[in-house]
Amino acid sequence: MIEREVSIRNRAGLHTRPAASVVKLAAKFKSEFFIIKDGFEINGKSIIGVMTLAAEQGSQLILRFEGDDELLAAESIVGLFDRGFDEV
Amino acid sequence: MSQGPTTLTNAKEIRKQSITVGFLFETIKERLKLRALNNVGFENPIRDKNIHRPGLALAGYVALFTYDRVQVFGNTEMLYLASLPLEARVDAFKTLFKFAIPCIVITDCNVMDPELITLATDHNVPVFQTTLATTKATYFISDFLDDQFSPQTTVHGSFVDVYGIGLLIVGRSGIGKSEIALDLVERGHRLVSDDVVTITRKGEGILIGAGTDLVKHFMEIRGLGLIDVKTIFGIRSIRFQKRVEVVVELMEWISDGEFTRTGLDQDTIAIMDVDIPHIKLPIFPGKNVTVIAEVIALNYLLKHHGYDAAKEFSKKLEQLIAQKSRNEVKRAIDYFEHDFE
Numbered sequence: 001m002i003e004r005e006v007s008i009r010n011r012a013g014l015h016t017r018p019a020a021s022v023v024k025l026a027a028k029f030k031s032e033f034f035i036i037k038d039g040f041e042i043n044g045k046s047i048i049g050v051m052t053l054a055a056e057q058g059s060q061l062i063l064r065f066e067g068d069d070e071l072l073a074a075e076s077i078v079g080l081f082d083r084g085f086d087e088v
Numbered sequence: 001m002s003q004g005p006t007t008l009t010n011a012k013e014i015r016k017q018s019i020t021v022g023f024l025f026e027t028i029k030e031r032l033k034l035r036a037l038n039n040v041g042f043e044n045p046i047r048d049k050n051i052h053r054p055g056l057a058l059a060g061y062v063a064l065f066t067y068d069r070v071q072v073f074g075n076t077e078m079l080y081l082a083s084l085p086l087e088a089r090v091d092a093f094k095t096l097f098k099f100a101i102p103c104i105v106i107t108d109c110n111v112m113d114p115e116l117i118t119l120a121t122d123h124n125v126p127v128f129q130t131t132l133a134t135t136k137a138t139y140f141i142s143d144f145l146d147d148q149f150s151p152q153t154t155v156h157g158s159f160v161d162v163y164g165i166g167l168l169i170v171g172r173s174g175i176g177k178s179e180i181a182l183d184l185v186e187r188g189h190r191l192v193s194d195d196v197v198t199i200t201r202k203g204e205g206i207l208i209g210a211g212t213d214l215v216k217h218f219m220e221i222r223g224l225g226l227i228d229v230k231t232i233f234g235i236r237s238i239r240f241q242k243r244v245e246v247v248v249e250l251m252e253w254i255s256d257g258e259f260t261r262t263g264l265d266q267d268t269i270a271i272m273d274v275d276i277p278h279i280k281l282p283i284f285p286g287k288n289v290t291v292i293a294e295v296i297a298l299n300y301l302l303k304h305h306g307y308d309a310a311k312e313f314s315k316k317l318e319q320l321i322a323q324k325s326r327n328e329v330k331r332a333i334d335y336f337e338h339d340f341e
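Protein chains in written order, with the numbering used here: chain A, 1 to 88; chain B, 1 to 341.
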């Protein structure tokens, strides 16, 4: 299991399009993927779940990865968050 | 991710080169109240979807005379002819018949001299008469020719009217298109065609799908063979034609396949240069594609009425994010007092 802390960098926050990018990227990995915000945990492969967080700019999230390819999954998904979903 | 328009790979465009005058006569004689004044030239070809009013040609000016179109004689032409002495009329017709005219249609109950009809017969030009006014007659003839010469193509798929929306279901052979069509028919929807769908482009942006003469409402169910949907499910289960409104492509589930997760971007697919909404539907065991097909139709209807679920959800989310105040995940209900609604 891997846990990483990330923050939302882009101005518009984790809205619909970035949420779609996150779940699409997560779907490429076998590992299970969860996002925790203020103690609320959702499945990171579910679009409704990710959008439910309504994470605004600056909010802190914990990403948890569990599975065979967790290292690879953590690296790419943390990368996507760090790049501000490519829309900073 | 929007991938821009793609094409249905097997769609080849065909266009009729010509139809015979006899075919035109037999097909629209009732609607057009058409009567044949001589019985020759039914094998003459019509190659053009436009019609022509030969006023100038009758007056002797034949440069740019579009002789190979259906020639319509309205009140103008007939009054002009009536203003000439008979010999001059015959001469005018002789000029006309130097060209290979497919046929002549006289509108508005006008009558033509027997001499002129004989002349037409000698030149193998059929003459028809209609009781309709010129504008009405030209509209019917143009509409018929426009349909006959419009581009056509065939697509391998099942075509069903679901809640009034034309869903064209495509996908590789054996993926279950016919089974889904059958399921939809069983739920009260109407089959247009299975396996071979002929699509005709009407005007610039409308595609009309229909079956073929032979296959009409028969379908093959693997392991069962051929069945006749009309006989089994009755008249309410079929229709002859329907506008193609959504293409649903059934695909094998691949874990990293490009399937939309929000529906914010609408993919389209081009059929004869007309872009049609294109939904790629991954299928796997336990997935009820029939119900999803119904939801696709209903969602399309909602969008048509101005409600786009993906956009509405997205808007709500953006508003919530913009509030900036500590966005905790909230329950839909503030206080569960009792088991009320």
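Calculated directly from the structure, the hints in this document are not laboratory data.
The reader is advised that the hints may include incorrect statements.
Here are some, though not all, of the chain B residues that point toward chain A, as calculated from beta-carbon distances under 10 Å [unchecked claim]: (1) Thr66; (2) Arg69; (3) Ala310; (4) Lys311; (5) Phe313.
Among the chain B residues that face chain A by a calculated CB cut under 8 Å, a handful are [stated by the list, open to error]: (6) Arg261; (7) Thr262; (8) Ile292; (9) Val295; (10) Ser314; (11) Leu317; (12) Glu318; (13) Ile321; (14) Glu328; (15) Ile333.
Simulated crosslink set (DSS-like; lysine-lysine; CA at most 30 Å straight-line) [as the list claims (entries may be wrong)]: (16) A/Lys37 with B/Lys316; (17) B/Lys202 with B/Lys316; (18) B/Lys216 with B/Lys311; (19) A/Lys45 with B/Lys12; (20) B/Lys311 with A/Lys24; (21) B/Lys12 with B/Lys316; (22) A/Lys28 with B/Lys311.
Everything numeric in this text was worked out from a predicted model, so none of it was measured.
C-beta atoms are modelled at their ideal positions from N, C-alpha and C, and glycine is treated no differently.
Straight-line Cα separation of B/Lys311 and A/Lys24 no greater than 30 Å? holds, 19 Å
Quick check on the hint: B/Lys311 CB to chain A CB, less than 10 Å? holds, 9 Å
Report holds or violated for the interface hint on B/Leu317, using the least CB-CB distance to chain A and a cut-off of 8 Å. holds, 5 Å
So, B/Ile321 near chain A? Judge it on the closest CB pair being under 8 Å. holds, 4 Å
Can B/Ala310 be said to touch chain A, with a Cβ gap under 10 Å? With Cβ-Cβ at 7 Å, under 10 Å, it holds.
Identify whether the interface hint at B/Arg69 stands, where standing means a beta carbon of chain A within less than 10 Å of its own. At about 54 Å, which exceeds the 10 Å cut-off, the nearest Cβ of chain A leaves the hint on B/Arg69 violated.
Status of the B/Thr262 interface restraint (C-beta, 8 Å, chain A): With a minimum Cβ separation of about 5 Å from chain A (threshold 8 Å), the hint on B/Thr262 holds.
Let's test the interface hint: is any C-beta of chain A closer than 8 Å to that of B/Ser314? holds, 4 Å
Go through the hint on B/Ile292 and say holds or violated, using the shortest Cβ distance to chain A against 8 Å. violated, 16 Å
Would the hint on B/Val295 stand, with a C-beta cut-off of 8 Å toward chain A? Result: violated, 16 Å to nearest chain A Cβ.
The hint names B/Phe313 as touching chain A; please verify it with the least Cβ-Cβ distance against 10 Å. holds, 7 Å
Is the straight-line distance between the alpha-carbon of A/Lys37 and that of B/Lys316 30 Å or less? The hint holds at about 19 Å.
The structure shown violates the earlier hints numbered 1, 2, 8, 9, 15, 17, 18, 19 and 21.
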